[in-house]
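Here are the chains, one letter per residue:
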Amino acid sequence: TETFGISTAQLTPLCSVKNLIQVPTVRSTDFEVHRNWLAITHSLPVSRWYYENTSEWTLDYPPLFAWFELGLSQVARRFDANMLQVENLNYASPATVLFQRLSVIVTDVVFIYAARECCRCVREPKGSRDVLSRPSFVLAVLLLWNFGLLVVDHIHFQYNGFLFGFLLLSVAKHLQSQHLQGALLFAFLLNLKHIYLYVAPAYGVYLLRSYCFAQDNKDGSVRWSSFSPLRLLALGAIVTSVCALSFGPFIAMGQLPQVLSRLFPFKRGLCHAYWAPNIWALYNVLDKSLAVLGVRLKLLEEAELPPASMTGGLVQEFEHSVLPSVTPAVTLVCTLLSILPAVASIWLRPHGAQGFLRCLLLCALGCFMFGWHVHEKAILIAILPLSILAVESREDAGIFLILTTTGHYSLFPLLFTPAELPIKVVLMLMFTIFSFTALRKLHSAQGSLLHPLEVIYLLGLVAVAIACEVVFPLSPWQQRLPFLPLLVTSVYCAMGVCYAFLRLYASLLLRREEKPKQL
Amino acid sequence: MQTWSLVSICVLLAIIARWGVSLNSYSGAGKPPMFGDYEAQRHWQEVTYNLPIQEWYFNTTNNDLNYWGLDYPPLTAYHSWICAYIAKTINPEWVELHKSRGYESTQHKLFMRMTVLVADLLIYIPAVVLYCLYLTDGSSKKKVSIMFCFLLYPGLILIDYGHFQYNGVSLGFALWGILALGLGWDVLGSMAFSLALNYKQMELYHALPFFCYLLGKCIKTGLIGRGLFLLVRIGVTVLATFALCWLPFLAEPSQAMQVVRRIFPVARGLFEDKVANTWCSLNTLIKIKSILSGDSQLYLSLACTLLAVLPSCIRLLTKPTFWHFKLALVNSSLAFFLFSFQVHEKSILLAALPACLLLNDLPLMALWFLQASTFSMLPLFLKDGLLVPYIVTSLGFLFFSIYLLSALDHCSEDKLRLGAYNKLFYWLPKMDLAFIVRWKFYISIAAMVGLSIATAVLIPPPHLPDLFPVLVSTTAFLHFLGTFIHFNVVQFSEPPSRKSQKKSN
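Residue numbers (the working numbering), protein chains in the order written: chain A, 1 to 519; chain B, 1 to 505.
Isolated chain A, as found in the complex:
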């Protein structure tokens, strides 16, 4: 903790310093989204919150987040009361901007606390080393200066630091064997942002298996007799009470269907305007290339193909031309199939909290890979917890480097103005240099972290970056195929993410040396 004390002291002011300087940067639509939610929760009665649609950015987070915005709006009143009028669409006075940015910086306190707790869970090797090479320091920097979080929260604007704080804190509590606290925090988190349903199976199965069944047999299998109904009841009580706190008023008003329809809008299409680097990106590209090939080989009529709507940049429903179209049901099935082995593995042979963490990562990645309308920011759900594993094991460090570098690079299109180009490039360089050199130093005794082919793949990222950011805007294709760089980015990164997914699976399923722990 004393190491962390030093690193927090060093790093937090750096973060906030940098962020305050960037107050005048270009704001994204998410800024207007949150301003709109501040206005809705402040000015309208509770019964209208999930019906309001003056602005296109309707409230689509669970009610606990709406209560959070209500709390924020009380403070916002002192900065600029005009931002709380629902009709003031795209209102962005300097006071509003300052307030929003300050709110992100302040709520980041949760994240800093969570990072500290995670650092306490990391095993320190024997022998004093200098501060910069200690695992807890490296973890602290990897978490606090995570490029993705900085870009998404402080430049692009969201409250992910706050939310990830809950996730990491919950994970840390489980690593410290305080399961009820961990469950409580996760319940809060689910009610703040429902995207964390991605990792709910891991929590469910782990808590059921390792917490409700208090003891295991010698060989690691389930001891049915040790089932503790009290523990199950405790968990159930926690979850239901949190849900009641958040959804209660809406259930009482009978608005639950409306709320759920706002939370899960399935009309939005398989992929976002910019494809997240998952399986469906590869699927789309395959489909497109087969279509083009088919036209060239005269197997298909060009007129039969639907217009180029996938790369058209709009979020809408569309169909694939050659391969079968993908419906939400299909994605659900694929997702469940992909996480089934992981979940089964921690049921049959639990490896304690470490195994749970691995399963959490696999659930997050699985849902990212196969989910419906996945946003590329969701890769952070996998990257941040993986940092904890990366500072402890060499193999995980290698996977971390690949996943992080490709995942972070896939966030580049979020910042597309020329003013932000130096910032994103420099921040990315900084994080990459640090993660490579620090992790290499940590695991130097055990050999190199990356296979030469992996290194080549990562260097290829540099080539892609230069091509997309520098070469393409100056080339003649800029007009005809404006979404080509996005396509190339998401496909290239998708390959890296898939590879990391498979390697993580291998590391979970092939693990044999750890004995199951007693709780």
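Hints listed in this document are in silico derivations from the structure and should not be mistaken for laboratory results. One should not assume that every hint holds.
Taking lysine-lysine pairs in the DSS-like style, the calculated list, with each CA pair at most 27 Å apart, reads [what the hints assert, rightly or not]: (1) A/Lys-126 to B/Lys-141; (2) B/Lys-440 to B/Lys-346; (3) B/Lys-31 to B/Lys-346; (4) B/Lys-109 to B/Lys-383; (5) B/Lys-31 to B/Lys-109; (6) A/Lys-126 to B/Lys-142; (7) B/Lys-346 to B/Lys-383; (8) B/Lys-31 to B/Lys-88; (9) A/Lys-441 to B/Lys-142; (10) B/Lys-141 to A/Lys-441; (11) B/Lys-220 to B/Lys-319; (12) B/Lys-383 to B/Lys-287.
Chain A is already provided as a structure; the job is to place chain B on it using the hints.
Frame of chain A; chain B shown alone:
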């Protein structure tokens, strides 16, 4: 971790800080008809690109010297020409003769900020990195910490990337000169410094120490033989560099004279605006400007400046070591700043650069002075709308330099070189000077913070409209005067012994 990765991370952080400040407003933004320094630089690009060299410094129909006429030496003009060439390829509207006056757009702002960043990356930042890695003592972590604090100095970042100027180029060249001198490459050092002089004439503040150091070195190596040879080589290099820079203007004497007239405008008064130097502060008590005539003001300032500069330079002449050179640089630039004619508040940067060099040896005093120098420019920052970057960079710098350099820990009398004070004031009862200094530091920082808040937030009473700028400049003046006296005392006391240096690391 390896040094190269730490160094690159620190440099990248410094770039982020700079670019972050760039995104804020610049001087004269949206303020016709004259705008500010940003428009001046843009105008110079316009003038140098479109007009022949002979017309650059002259008042012609195409070149109205009243609207931001060129008043820096030729190297600035050449730099503007290069930038204009690039600007023309991107968007000719930016440098169209006459029509582009007052041109403001987000694209153009990006371009201009980029030129500053590129110049910094090519000249200033490498010099800082090399200086900190090769000319400071200590472990590699200490060197990187010093480099980081050096690069984070708020004054330069805010002026170059906020207000908009190219001080990084001239200070960078001067730093290359200092670096070369420190490594023993005197000829190259003098060439670099000549380039700095040819970029901004204000580098003359540093000229005396360079001269005295090199002369002293030549004398030490023997005025007959190697010393004389060195002197001749340096002289030839300096003359050649000057000739090269002024080449287009040496064709006709009238050309050269006009340039000189532009870069040394003696028709102006003792001071303009509120500056933290002696004359302005004295003016609050006695109205000097109205008492003395223009000529006598000139002579008075000349005399005072010379008197203030001489002790330090003579000491350097007799003991030409690198340590004395660094101190003389600070003393000389401070002397010029405090007593010279027509000083601008931005000239404090010329004293700040040598102070950054002393971050290793005298961390507390150096960072105290650097903080005060940033504070002294607060009214300028407020005028440019740079309050938030000012707060953030100052706090960041203060925090990191105190933490990374352990400035408040190495606070014994020995470290602060306060021994001389004990000898001077032997009749006073023995006090713990280090303790006093630490408390003075806390009080001063509190005063600066308080005044900053007051200047930013409060409205001055109507009969004293300039109350806060005057308070700021007077407080800063007191700090500068104190720093000036202290560094002079340090220069005249014993230099640090090798043993005590090793212990402090």
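Status of each hint after checking the structure:
Annotation: proposed proximity of A/Lys-126 to B/Lys-141 holds, straight-line Cα distance about 23 Å (limit 27 Å). Restraint check for B/Lys-440 and B/Lys-346: the C-alpha separation of about 26 Å stays at or below 27 Å, so the hint holds. Restraint check for B/Lys-31 and B/Lys-346: the C-alpha separation of about 21 Å stays at or below 27 Å, so the hint holds. A C-alpha spacing of about 18 Å is found between B/Lys-109 and B/Lys-383, which places the hinted pair at or below 27 Å, so the restraint holds.
Between B/Lys-31 and B/Lys-109 the alpha-carbon distance is near 15 Å, which keeps this suggested pair within the 27 Å criterion. Our distance criterion of 27 Å between C-alpha atoms is met by A/Lys-126 and B/Lys-142, whose separation comes to about 25 Å. At most 27 Å may separate the alpha-carbon atoms for a hinted pair to count; B/Lys-346 and B/Lys-383 meet this at roughly 14 Å. A distance of roughly 25 Å separates the Cα atoms of B/Lys-31 and B/Lys-88; the hinted pair therefore holds under the 27 Å criterion.
For the proposed pair A/Lys-441 and B/Lys-142, the alpha carbon gap of about 20 Å is at most 27 Å, so the pair holds. With a C-alpha separation of about 16 Å, the suggested pairing of B/Lys-141 with A/Lys-441 holds against the 27 Å cut-off. Proximity of B/Lys-220 to B/Lys-319 is assessed by CA-CA distance (about 9 Å); at most 27 Å being required, the pair is judged to hold. Pair hint B/Lys-383 plus B/Lys-287 holds up; C-alpha atoms about 26 Å apart against a cutoff of 27 Å.
Hint compliance for this structure: every hint is met.
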